[in-house]
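Chains as they are written, first to last, in the numbering used here: chain W, 1 to 243; chain C, 1001 to 1274.
Hints may be right or wrong, so weigh each one.
Derived list of chain C stretches under chain W, where covered just means 3 residues or more per stretch with a C-beta under 8 angstroms from a C-beta of chain W [to be verified]: (1) 1024–1032; (2) 1096–1110; (3) 1147–1157; (4) 1175–1184; (5) 1223–1234.
The calculated DSSO-like cross-link candidates involving lysine-lysine, where the alpha carbons are at most 30 angstroms apart (straight line), are [said to hold, decoys possible]: (6) K1023/C / K87/W; (7) K87/W / K1033/C; (8) K1033/C / K7/W; (9) K129/W / K1029/C; (10) K124/W / K1213/C; (11) K129/W / K1117/C; (12) K1117/C / K1029/C; (13) K1033/C / K124/W.
Don't read these hints as lab results, they were simulated from the structure.
Where is the CB? At the ideal position from N, CA and C, for every residue including glycine.
These are the residues of each chain, in order.
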Amino acid sequence: MTDHVIKVSNLELNYVVRHGRASTLKEAVISAIKRINLDITVSALKDINFTVDRGEVLAIVGHNGAGKSTLLKILSRVLPPTNGVVKVRGNVAPMLELGAGFNPELSGKENILLFGVLLGNSTKSMESKSVEIAEWAGLTEQINLPLRTYSSGMVARLAFAIATFQKSDVLIIDEILGVGDAEFQKKSRIRILDLINQGETTILVTHDLDAVEELATKVLWLDHGRQVALGPTQKVLDAYRQA
Amino acid sequence: MSNIYDSSARTNYFSELTTYLWKQRDLIKLLVKRDISVRYKRSVLGLLWTMLNPLLTSLVLWFVFVTIFKPKLADGTQFAPYVLAGVLIMTFFNQGFIGAAESISGGVGILQKVYVKPQVFAVASAISNAINFLLGLFALIVVTLMVGDGISIFAPLTILVVISMLGLTIGLALMTSILFIRFDDSKNIIAISLQLLYYLTPVFYPKDILDDKVRFVVSLNPLSSYLDIFRHVFANTGTATPIDWLYMFSTSLVALFTGLIIFKRFWARSVVMM
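All chains should be built: construct the whole structure from the sequences, respecting the hints.
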């Protein structure tokens, strides 16, 4: 294996959706007896090829439904590819839809521990890190209160802090540059810049093309699950803006 | 050393899963702790509720049946601990099974975003219900002693029932979680089946009041064996034959392996559909 942190070759992902209203067991059984095939195969991604080297920042652009989030899920190992090969060296820290999966009954600190461990850390290392995380999120005083007492902005801050305080080899950022109030947006942007400048390999998905221009070293353009272009930021962005 | 993910690598499912579960023991511990603490935070009585809940359920059954029948079964067994043992086993099974299945179907939000093998959730949920069951044993000890019965010296063998029940509930939950994710109406069907299973287990009736046909059906129900063994080792009431032991261990293993294989086959397809 070469030095690529991420290598994607001939990646293809198909999934099956059931036609009509067959989301009940009753209907599924009836259609199976009548031998009606309700399954439709959808090709979500096809012929995707790219590599990301250490320290590179790859931005993925494309319209809604282009397959950006699906590609991120494959890179974070959540979805196995239908065909093709994905190789990733090291840990992936996903930063997707902040706060999804937090438990409102648990305290901020308990959520930090749970998510930190879920992302592959030991309980011990998270115990010591939780102080730092709470401090960065500005939640030191509320950290032992149940999460249901937090405002949505506080939850977003906490989630962002947990994800960015991971020791990871690949950072995945999905549409989170525009979260929270102006002050928090500024703070989170600085934090991401810090991580990128530290040489963290990053995959960035956003509709904010100015951010792409500022942060990315190369861009992958997807449209309806197909790879339209891959190359240096400026070149691909110019083409994308004209399309 | 950083780990390498290669989607084309072929590994042995069972050995990989076992290693994975061991590596994730911190996560399992935390999930168990979360399950238990969330359960008690919601109730005013806290930990006491674990003991009160089966006790009150048994009290209702006991009251109904003692006013109809007698406080003792025909063979001299006290009815109160008999019912409580039944309720504890059925609670362990029902909540362990449904809890583990829902830990996956309800955890889809997280499972779609972070790479965690979903089996971890099922294992943690089943373990927290096993702990719940073990706490409930205190209530059973109190009731058994109150009616003047003794605890058997073989009571520690209850742990074999617990381990078998873990295998059974995890296996069934893995199969069912796929149904829960795919079909909206599957929860109702499972709920009705569980109710039927409850009546086909000798929880609050002695087996010898049944006629031969019904007794045969009841003895085919694996939970009858689990329950007979539990009552027998715990307070030396009733009988447990070697067949019961064999049936308990084999249904546990078969459920676990079938569940693991079915889950592996359908999980990726199900998660991609959402």
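Cross-check of the supplied hints:
Under a criterion of three residues with beta carbons nearer than 8 angstroms to beta carbons of chain W, the stated coverage of the segment 1024–1032 of chain C is upheld, 5 such residues being counted. For a cut-off of 8 angstroms, the count of residues in the segment 1096–1110 of chain C with a CB near a CB of chain W stands at 3, and the three-residue condition holds. Only residues whose beta carbon comes within less than 8 angstroms of a beta carbon in chain W count, and the segment 1147–1157 of chain C has 0; fewer than three means the coverage is violated. With a threshold of 8 angstroms between beta carbons, the proposed coverage of the segment 1175–1184 of chain C by chain W holds, since 4 of its residues qualify and at least three are required.
Check result for the segment 1223–1234 of chain C against chain W: violated, 0 residues qualifying (beta carbon to beta carbon below 8 angstroms, three or more required). For the given pair, K1023/C sits about 22 angstroms from K87/W by alpha-carbon distance, which is consistent with the 30 angstroms threshold. Taking the CA atoms of K87/W and K1033/C, the gap is about 35 angstroms. The hint is violated against a cut of 30 angstroms. Of the pairs offered as hints, the one joining K1033/C and K7/W is violated, with about 39 angstroms between alpha carbons and a cut-off of 30 angstroms exceeded.
A C-alpha spacing of about 19 angstroms is found between K129/W and K1029/C, which places the hinted pair at or below 30 angstroms, so the restraint holds. The suggested pairing of K124/W with K1213/C is violated, with an alpha-carbon distance near 58 angstroms, which exceeds 30 angstroms. Restraint check for K129/W and K1117/C: satisfied, since their Cα atoms lie roughly 24 angstroms apart, inside the 30 angstroms limit. A threshold of 30 angstroms between alpha carbons decides the hint, and for K1117/C with K1029/C the separation of about 15 angstroms falls inside it, so the pair holds.
Our distance criterion of 30 angstroms between C-alpha atoms is met by K1033/C and K124/W, whose separation comes to about 15 angstroms.
Violation of the numbered hints given earlier is confined to hints 3, 5, 7, 8, 10; the remaining hints are satisfied by the structure.
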